[in-house]
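2 protein chains.
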Amino acid sequence: MSTRIADHRLHRRVTSAEEAAALITHGMTVGMSGFTGSGYPKAVPTALGKRIEAEHAAGRPMRVKIWTGASTGPELDGALAKADGIELRLPYNSDPIARERINRGEMDYLDMHLSQVAPMAWQGFLGPLDVAVIEVTGITADGSLVPSSSVGNNKTWLDHAQGVILEVNRWQNPALEGMHDIYYGTALPPHRVPIPLVRPDDRIGQPTFRCDLDRIIAIVETDAPDRNLPFTPPDETARGIAAHLLDFLEHEVGKGRLPASLLPIQSGVGNIANAVLAGLADGPFHDMTAYTEVIQDGMLDLLDSGRLRVASATAFSLSPDAALRINAEMARYRDRLILRPQEISNHPELIRRLGCIAMNGLIEADIYGNVNSTCVMGSRVQNGIGGSGDFARNAYISIFMTPSTAKGGAISAIVPQVAHVDHIMQDVAVLVTEQGLADMRGLSPRKRAALVIENCAHPAYRDVLRDYFDRAMAGAYGRHAPSLPAEALSWHQRFMDTGTMRA
Amino acid sequence: MSTRIADHRLHRRVTSAEEAAALITHGMTVGMSGFTGSGYPKAVPTALGKRIEAEHAAGRPMRVKIWTGASTGPELDGALAKADGIELRLPYNSDPIARERINRGEMDYLDMHLSQVAPMAWQGFLGPLDVAVIEVTGITADGSLVPSSSVGNNKTWLDHAQGVILEVNRWQNPALEGMHDIYYGTALPPHRVPIPLVRPDDRIGQPTFRCDLDRIIAIVETDAPDRNLPFTPPDETARGIAAHLLDFLEHEVGKGRLPASLLPIQSGVGNIANAVLAGLADGPFHDMTAYTEVIQDGMLDLLDSGRLRVASATAFSLSPDAALRINAEMARYRDRLILRPQEISNHPELIRRLGCIAMNGLIEADIYGNVNSTCVMGSRVQNGIGGSGDFARNAYISIFMTPSTAKGGAISAIVPQVAHVDHIMQDVAVLVTEQGLADMRGLSPRKRAALVIENCAHPAYRDVLRDYFDRAMAGAYGRHAPSLPAEALSWHQRFMDTGTMRA
Numbered sequence: 168m169s170t171r172i173a174d175h176r177l178h179r180r181v182t183s184a185e186e187a188a189a190l191i192t193h194g195m196t197v198g199m200s201g202f203t204g205s206g207y208p209k210a211v212p213t214a215l216g217k218r219i220e221a222e223h224a225a226g227r228p229m230r231v232k233i234w235t236g237a238s239t240g241p242e243l244d245g246a247l248a249k250a251d252g253i254e255l256r257l258p259y260n261s262d263p264i265a266r267e268r269i270n271r272g273e274m275d276y277l278d279m280h281l282s283q284v285a286p287m288a289w290q291g292f293l294g295p296l297d298v299a300v301i302e303v304t305g306i307t308a309d310g311s312l313v314p315s316s317s318v319g320n321n322k323t324w325l326d327h328a329q330g331v332i333l334e335v336n337r338w339q340n341p342a343l344e345g346m347h348d349i350y351y352g353t354a355l356p357p358h359r360v361p362i363p364l365v366r367p368d369d370r371i372g373q374p375t376f377r378c379d380l381d382r383i384i385a386i387v388e389t390d391a392p393d394r395n396l397p398f399t400p401p402d403e404t405a406r407g408i409a410a411h412l413l414d415f416l417e418h419e420v421g422k423g424r425l426p427a428s429l430l431p432i433q434s435g436v437g438n439i440a441n442a443v444l445a446g447l448a449d450g451p452f453h454d455m456t457a458y459t460e461v462i463q464d465g466m467l468d469l470l471d472s473g474r475l476r477v478a479s480a481t482a483f484s485l486s487p488d489a490a491l492r493i494n495a496e497m498a499r500y501r502d503r504l505i506l507r508p509q510e511i512s513n514h515p516e517l518i519r520r521l522g523c524i525a526m527n528g529l530i531e532a533d534i535y536g537n538v539n540s541t542c543v544m545g546s547r548v549q550n551g552i553g554g555s556g557d558f559a560r561n562a563y564i565s566i567f568m569t570p571s572t573a574k575g576g577a578i579s580a581i582v583p584q585v586a587h588v589d590h591i592m593q594d595v596a597v598l599v600t601e602q603g604l605a606d607m608r609g610l611s612p613r614k615r616a617a618l619v620i621e622n623c624a625h626p627a628y629r630d631v632l633r634d635y636f637d638r639a640m641a642g643a644y645g646r647h648a649p650s651l652p653a654e655a656l657s658w659h660q661r662f663m664d665t666g667t668m669r670a
Numbered sequence: 168m169s170t171r172i173a174d175h176r177l178h179r180r181v182t183s184a185e186e187a188a189a190l191i192t193h194g195m196t197v198g199m200s201g202f203t204g205s206g207y208p209k210a211v212p213t214a215l216g217k218r219i220e221a222e223h224a225a226g227r228p229m230r231v232k233i234w235t236g237a238s239t240g241p242e243l244d245g246a247l248a249k250a251d252g253i254e255l256r257l258p259y260n261s262d263p264i265a266r267e268r269i270n271r272g273e274m275d276y277l278d279m280h281l282s283q284v285a286p287m288a289w290q291g292f293l294g295p296l297d298v299a300v301i302e303v304t305g306i307t308a309d310g311s312l313v314p315s316s317s318v319g320n321n322k323t324w325l326d327h328a329q330g331v332i333l334e335v336n337r338w339q340n341p342a343l344e345g346m347h348d349i350y351y352g353t354a355l356p357p358h359r360v361p362i363p364l365v366r367p368d369d370r371i372g373q374p375t376f377r378c379d380l381d382r383i384i385a386i387v388e389t390d391a392p393d394r395n396l397p398f399t400p401p402d403e404t405a406r407g408i409a410a411h412l413l414d415f416l417e418h419e420v421g422k423g424r425l426p427a428s429l430l431p432i433q434s435g436v437g438n439i440a441n442a443v444l445a446g447l448a449d450g451p452f453h454d455m456t457a458y459t460e461v462i463q464d465g466m467l468d469l470l471d472s473g474r475l476r477v478a479s480a481t482a483f484s485l486s487p488d489a490a491l492r493i494n495a496e497m498a499r500y501r502d503r504l505i506l507r508p509q510e511i512s513n514h515p516e517l518i519r520r521l522g523c524i525a526m527n528g529l530i531e532a533d534i535y536g537n538v539n540s541t542c543v544m545g546s547r548v549q550n551g552i553g554g555s556g557d558f559a560r561n562a563y564i565s566i567f568m569t570p571s572t573a574k575g576g577a578i579s580a581i582v583p584q585v586a587h588v589d590h591i592m593q594d595v596a597v598l599v600t601e602q603g604l605a606d607m608r609g610l611s612p613r614k615r616a617a618l619v620i621e622n623c624a625h626p627a628y629r630d631v632l633r634d635y636f637d638r639a640m641a642g643a644y645g646r647h648a649p650s651l652p653a654e655a656l657s658w659h660q661r662f663m664d665t666g667t668m669r670a
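The listed protein sequences derive, respectively, from chains L and Y. One gets the working numbering by counting positions in the first sequence from 1 and adding 167 to each. One gets the working numbering by counting positions in the second sequence from 1 and adding 167 to each.
Don't take each hint at face value.
If chains are identical, the list can't say which one is meant, so a pair holds when it fits in one copy or spans any two.
Claimed, not checked - Taking lysine-lysine pairs in the DSSO-like style, the calculated list, with each CA pair at most 30 Å apart, reads:
| id | residue 1 | residue 2 |
| --- | --- | --- |
| 1 | 249 | 574 |
| 2 | 614 | 232 |
| 3 | 217 | 249 |
| 4 | 422 | 614 |
| 5 | 574 | 614 |
| 6 | 422 | 217 |
| 7 | 217 | 232 |
| 8 | 249 | 614 |
| 9 | 232 | 249 |
Think of the hints as simulated: they come from the structure by calculation, not from any bench. Because the structure is a prediction, the values reported are computed rather than measured.
Given only the sequences and the hints, what does the whole structure look like? Please build it.
Written out as structure tokens, the structure reads:
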């Protein structure tokens with residue numbers, strides 16, 4: 168028996184992944200751990216996928232609703248979507264097989280603000296949660312659960328599920344114990360009180376999850392890393408974006424509008440975000456903090472550089488190399504990293520209070536600074552809104568970053584009108600491409616448009632954007648934010664028809 | 168000398184509106200009081216408008232930037248816009264002359280989340296504030312300022328302006344003293360702390376504004392009511408909307424998802440909001456509270472009915488009759504009404520904590536529940552986003568209400584795609600028209616569309632909406648939220664071309 172299960176009362180619950188998966192039946196709602204490819208259960212979902220395939224082969228229906236923290240891994244979303252076993256998925260997905268099913272209309276997808284998932288589950292309108300499947304690092308002698316490499320909504324799933332299946336993953340370093348801060352002070356209104364966090368490194372909870380042992384219906388032992396992709400090194404475009412952004416932050420410090428150590432940074436995932444973090448590691452700012460959603464490679468580098476004092480998040484999202492590196496030195500990182508439930512890492516109250524500098528990617532922005540983060544050509548969901556809305560609206564400065572073109576220039580990231588809106592212009596203060604930066608704070612829509620076209624659009628698209636804007640100023644129904652409805656989305660239609668937005 | 172100025176040190180500052188207005192010069196930024204037509208200065212802006220007209224007649228340039236709480240009155244926005252004296256206006260306007268100038272492209276307009284105005288002014292990127300012009304009810308013997316019928320951003324304008332002009336309006340009832348709760352605990356990050364408000368009736372501040380007397384450059388005495396329009400009684404459509412909404416709230420209480428006394432209600436302004444409040448006065452709920460932006464007529468009726476225990480807001484917005492009525496009985500209402508700065512009445516931290524039931528109007532919604540609150544046909548601004556974003560995203564239940572058609576049926580309030588987005592589908596839980604109610608919580612975009620078309624759209628538009636959705640399901644780039652970019656905004660173009668959205 169694994170030494171990771173110190174509570175002997177639970178040894179008799181240990182079973183195989185197949186037996187555990189058999190406890191999940193058609194129509195159930197299953198809350199799984201997992202956030203940005205970290206800390207998701209690996210064995211039970213794989214076994215569940217096989218079981219669903221067998222049921223389907225036998226002519227029997229079997230589909231489940233899957234709730235998670237955010238994205239998981241191929242052993243979970245991939246396996247279940249491949250088996251066509253998911254009826255509804257929430258709140259965020261980045262698995263390509265699941266994405267394809269969603270966009271074929273075969274699978275329902277609830278794309279939610281990540282701060283709101285747990286509170287909405289408490290409210291009850293999402294329906295009951297039948298089973299939770301949660302990866303943990305270990306179980307202490309008193310039955311407390313040591314979280315894994317993500318926290319996500321695990322506290323809520325453990326509290327609310329009728330039955331709990333645990334995966335105890337001995338690949339995760341036992342030195343993770345003590346890194347987590349699980350806040351149990353949340354409630355439904357009218358019983359909510361202020362969340363007592365005033366600095367990114369405040370610890371306001373406990374290091375482990377509680378769980379009523381009677382509800383633990385199975386425990387499966389595993390030994391496997393989170394399966395994430397390696398990061399490609401930042402290219403010239405990403406470095407260009409980072410350089411513009413660092414110039415802007417220096418400028419704001421110079422103006423006295425930001426402290427010399429900045430304010431807590433939030434950084435999305437991906438290569439551009441990593442380039443920005445790499446830039447910060449070489450930049451002029453010291454004693455920085457991060458209050459963010461995920462700890463990616465660049466954040467570890469920033470910690471190692473000595474520039475970042477502490478980082479708070481809800482999950483890791485590391486390349487295989489970085490995962491091995493942190494796992495080997497967990498004890499050294501433990502005091503400078505805090506993982507919290509996602510309703511705390513992304514809480515509007517805390518983001519507004521701390522004054523985060525939010526830095527997120529996008530699919531497209533329009534000349535007024537409205538941002539589409541989710542739906543390619545307005546309808547085809549890529550991943551989801553994730554926490555970008557939690558951070559963008561409540562940030563001290565809300566920054567969005569993107570290369571100015573995609574698909575070799577066939578797509579302009581700056582369009583006359585976005586085909587889907589995730590972030591309204593009021594929530595987008597600064598837009599950055601490799602071409603330059605538009606600081607739109609305090610500007611009316613018309614002035615925003617001029618700045619975005621000149622500073623951010625790719626030169627190949629600038630003239631046509633200027634032409635659209637000029638004609639909109641002449642012919643629009645109103646000139647507050649001039650638009651031409653018959654033409655506003657024509658670039659998207661052209662891409663769908665011809666493979667390029669260029670006329 | 169008015170007995171409203173108890174601090175004798177200030178008597179020598181009393182002057183005429185014309186002399187006070189002469190202290191405002193070309194290019195200045197002026198922060199004025201005023202929120203939803205209440206508590207705005209009346210004499211100085213009128214004199215300023217005349218002065219600007221005289222300057223223009225003499226061939227001299229004169230324009231100013233005007234910051235307020237929200238909408239004001241004809242003596243302010245109307246007079247200054249008529250004189251073409253406004254270079255930039257923020258954060259909300261409902262004056263028809265100013266609206267026309269904005270939509271002709273003659274005046275810049277910053278349409279802002281109302282909770283963010285004061286914090287953004289503190290940040291500094293909006294530039295310095297030269298003069299504040301603030302209506303007060305009186306000045307106490309120690310130089311404290313008794314607020315008027317709105318609080319808005321007055322604390323911030325008084326704190327930050329280089330010079331302060333006060334209008335002491337003796338029309339306002341001196342019994343207003345003690346109704347206000349001015350919280351002085353705000354700060355810029357990293358110095359922000361939890362706001363210690365946990366119930367709508369908590370008082371966390373002081374009843375008056377502080378102001379450094381040296382910065383008071385002029386005081387003008389006035390005697391005039393806030394100029395608001397009478398409400399028309401709710402028509403059948405408004406009563407229908409209210410009935411659907413009350414059924415829904417009863418249903419939620421029955422399900423145990425809302426307390427029997429509901430949660431703090433937020434209500435927008437207008438006839439539909441008043442119909443809902445009238446419905447609540449006759450409904451089954453007792454001991455209710457309101458945590459909202461404005462106190463309109465229906466809210467007073469609800470207080471009088473005994474169903475509403477207390478209401479917190481930042482301003483009154485009363486018909487002339489109701490203004491006279493409350494002014495005559497101010498002492499009786501004072502303990503059950505609280506007026507706060509708008510960064511507190513609309514603070515995301517507090518709205519989320521209290522779990523408000525948000526009820527707001529709209530211009531149009533699309534089949535997925537995205538909402539356009541501001542721009543007719545996508546470009547012509549009507550009023551502004553106001554506080555709807557503060558409340559909708561952080562509410563316990565975010566409800567939007569509208570008649571299903573406008574302009575005698577020529578405009579459908581439910582369209583394939585909104586031409587401008589203020590509230591993304593994630594922030595819109597329930598949509599209500601006189602046709603019915605769509606509870607979209609927990610539904611994927613495709614399921615939302617079916618419900619919105621069947622429950623909310625006018626029968627005259629249902630078939631064409633179904634047809635659009637069916638064809639989008641067949642031909643969209645992705646079927647997560649299917650759309651046809653070439654056709655999505657065609658209803659708006661048709662209205663612009665032919666005067667009706669009907670084919």
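Hint check:
1. Taking CA atoms no more than 30 Å apart as the test, residue 249 paired with residue 574 passes inside one copy only; the shortest distance there is 27 Å, against 50 Å between copies.
2. For the homomeric pair residue 614 and residue 232, the shortest alpha-carbon distance between copies (15 Å) is at most 30 Å, but the shortest distance inside one copy (46 Å) is not.
3. Proximity of residue 217 and residue 249 under a CA criterion of 30 Å is satisfied intra-copy only: 10 Å inside one chain copy versus 72 Å between copies.
4. Proximity of residue 422 to residue 614 under the C-alpha cut-off of 30 Å is restricted to the intra-copy arrangement: shortest distance 22 Å within a copy versus 49 Å between copies.
5. With identical chains, the CA atoms of residue 574 and residue 614 are at most 30 Å apart within one copy only, with a shortest distance of 29 Å there and 32 Å across copies.
6. Taking identical chains as interchangeable, the C-alpha atoms of residue 422 and residue 217 are never at most 30 Å apart, the minima being 60 Å within one chain and 37 Å between chains.
7. For the homomeric pair residue 217 and residue 232, the shortest alpha-carbon distance inside one copy (16 Å) is at most 30 Å, but the shortest distance between copies (66 Å) is not.
8. Only between protomers do residue 249 and residue 614 lie at most 30 Å apart by alpha-carbon distance; the minimum there is 23 Å, versus 48 Å within a single protomer.
9. When the C-alpha separation of residue 232 and residue 249 is checked against a cutoff of 30 Å, the pair qualifies only within one copy, where the shortest distance is 15 Å, while the shortest distance between copies is 59 Å.
Consistency note: the structure conflicts with earlier hint 6 alone.
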